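Read off the chains here:
2 protein chains.
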Amino acid sequence: MAKTNKTLRRRNEYQIYDVPIDSFFELAFSIDCVVFGYGKKDLQVLLTQRGAEPYKGLWALPGDLVYPDEDLDTSAGRVLKALTSLPDLNFEQVHTFGAVDRHPLGRVVTVAYYAIVNMKGFNPKAAFWADKAKWHSVKNLPKLAFDHRDIIDYSYKKLKESTMTKPLWNGVIEEKFTLTQLQSFFETVLDKKFDKGNFRKKIDLFQYVKETEEFEKDVPYRPSRLFKFDKKLYQKNEESS
Amino acid sequence: MAKTNKTLRRRNEYQIYDVPIDSFFELAFSIDCVVFGYGKKDLQVLLTQRGAEPYKGLWALPGDLVYPDEDLDTSAGRVLKALTSLPDLNFEQVHTFGAVDRHPLGRVVTVAYYAIVNMKGFNPKAAFWADKAKWHSVKNLPKLAFDHRDIIDYSYKKLKESTMTKPLWNGVIEEKFTLTQLQSFFETVLDKKFDKGNFRKKIDLFQYVKETEEFEKDVPYRPSRLFKFDKKLYQKNEESS
DNA sequence: TTACTTTTTGTAATTTTTACAATAAGTATT
DNA sequence: AATACTTATTGTAAAAATTACAAAAAGTAA
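Line by line, the protein sequences give chains H and U. Sequence positions in the first sequence follow the working numbering and run 1 to 241. Sequence positions in the second sequence follow the working numbering and run 1 to 241.
These are calculated hints, taken from the structure and not from any lab test. Just to be clear, a hint being listed does not mean it is correct.
[Claimed, not checked] Cross-link-like lysine-lysine pairs, in silico, DSS-like; alpha carbons within 27 angstroms at most: (1) H:Lys236 with H:Lys217; (2) U:Lys158 with H:Lys202; (3) U:Lys166 with H:Lys166.
[What the hints assert, rightly or not] Okay, the calculated bits of chain H under chain U, using three or more residues with CB under 8 angstroms as the criterion: (4) 55-69; (5) 95-107.
Given the structure is predicted, the values throughout are model-derived calculations rather than measurements. Where a beta carbon is used, it is the ideal one built from N, C-alpha and C, also for glycine.
Based on the provided sequences and hints, a complete structural model is requested.
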């Protein structure tokens, strides 16, 4: 790491805002994306294999530096779009990791985001580094570069916490879905089985899960009613809380 | 803002780690602390009045730049200790605010932390900028600099969400406390009244709230039993979850 | 028509939450 | 010492939510 020129710091004021704006700091900040993949029995995480030192050959989270002229959220959205080519991905900031030694070559603070996608809708070719990207089960992660294992653990915990209260499944399962499909989503994410009848009662309380007049087709058993997400109602209820 | 020299960015690699370590980025990052004060009927927030532009005269959150050689959490701890002179403050990272235009003079990304303290234990003189610091009710905040209003709102929401599950009251109320004192803490933070009997039943479920054989003294009514926080048990239960 | 599969509804036991009351145990006053 | 008063502490019954499990409904396939 290059030497730090400490004369740039003014210690007779406590607020950062009095630091001259032409000061340079030898640091970088980045975003890292934990993209969870839904579609198999176990939840998956999208990892890329490092082609350069440090940690060459190890797996890492997709991420990038934040451009000087883009918001943090915009940056995460940009990386996720490049990676998944999905237009309207829901993603959320998780935590910022800023240990001094988290990067062996310098001071890099990273802001972690997570998103969850349907693996079927995911097109690896669309992203320019996609040939290196691969899904891994959250239950069996390889050795990871940097502190990316911590980032995944933290994000996975947050994902689970949000699953019951936020409609994370929106955009992941079909637009019109059966309650059994919705239940499968919950079961995969939370790695836990639910009772059919009781699950339905719980969903009944989510007013934003609305039944339609349509039914499944071409199934070798009784077709299930299809439901959909009432986004407007959800947003309205969110505001008033 | 000084012009961005985009040639420093390498776009043929997606990972930040391949960027030359001697690159400079025209950005700074800081931490901001939302210190909640317990002691009055309403919850309070500690604010400092700005003595310089921009936003001169407005109130702002105490904060500082993160040193090149200190972890984010260390940085928050340092500021909080300087501000409150309390040695073992519990604080937690809340969110990172990184909108491009959040600071009028340049790109400053800030990581927000919150803590809660007993206002009685707080000694303003200890901090070098303490003559400018003042408590404000969360219900009646003044006009705030930057996006600090957003930061407070976000932190307050998180504080409330954590109150029921984390022993935030530890270190804030007396070491040995009555259940009524504990109830008051909950009521102030959540701005909500609880039923005496039902509150006790809920606390009964928190195994880490242990009764002692001591009782209140010098009260003009029946003395209450004193309880204490079993930190070891709490940490043990945390690990196994 | 029957077997089979899944959806959908129901139900009773259990547990948790809530509202409210009764009792206990101190101090202060007469 | 007796009484009033205040808060602590315990109790209790109704209501609500959760759980385990079963039955009925509605389709396909043979």
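_Hinted pair, alpha-carbon criterion (27 angstroms max): Lys236 (chain H), Lys217 (chain H). Please report holds or violated._
violated (33 angstroms)
*asked:* Cut-off 8 angstroms, C-beta pairs, minimum 3 residues; does the coverage of the stretch 55-69 of chain H by chain U stand?
replied: holds (count 10)
*Keeping to a limit of 27 angstroms between CA atoms, is the pair of Lys166 (chain U) and Lys166 (chain H) held or broken?*
The given pair, whose Cα atoms are some 22 angstroms apart, holds under the 27 angstroms limit.
*Under the criterion that the straight-line Cα-Cα distance not exceed 27 angstroms, is the pair Lys158 (chain U), Lys202 (chain H) satisfied?*
holds (25 angstroms)
*Quick check: the stretch 95-107 of chain H, covered by chain U? Criterion 3+ residues, Cβ under 8 angstroms.*
Three-residue rule met by the stretch 95-107 of chain H, so holds; n is 10.
When each numbered hint is compared with the structure, a violation occurs for hint 1 only.
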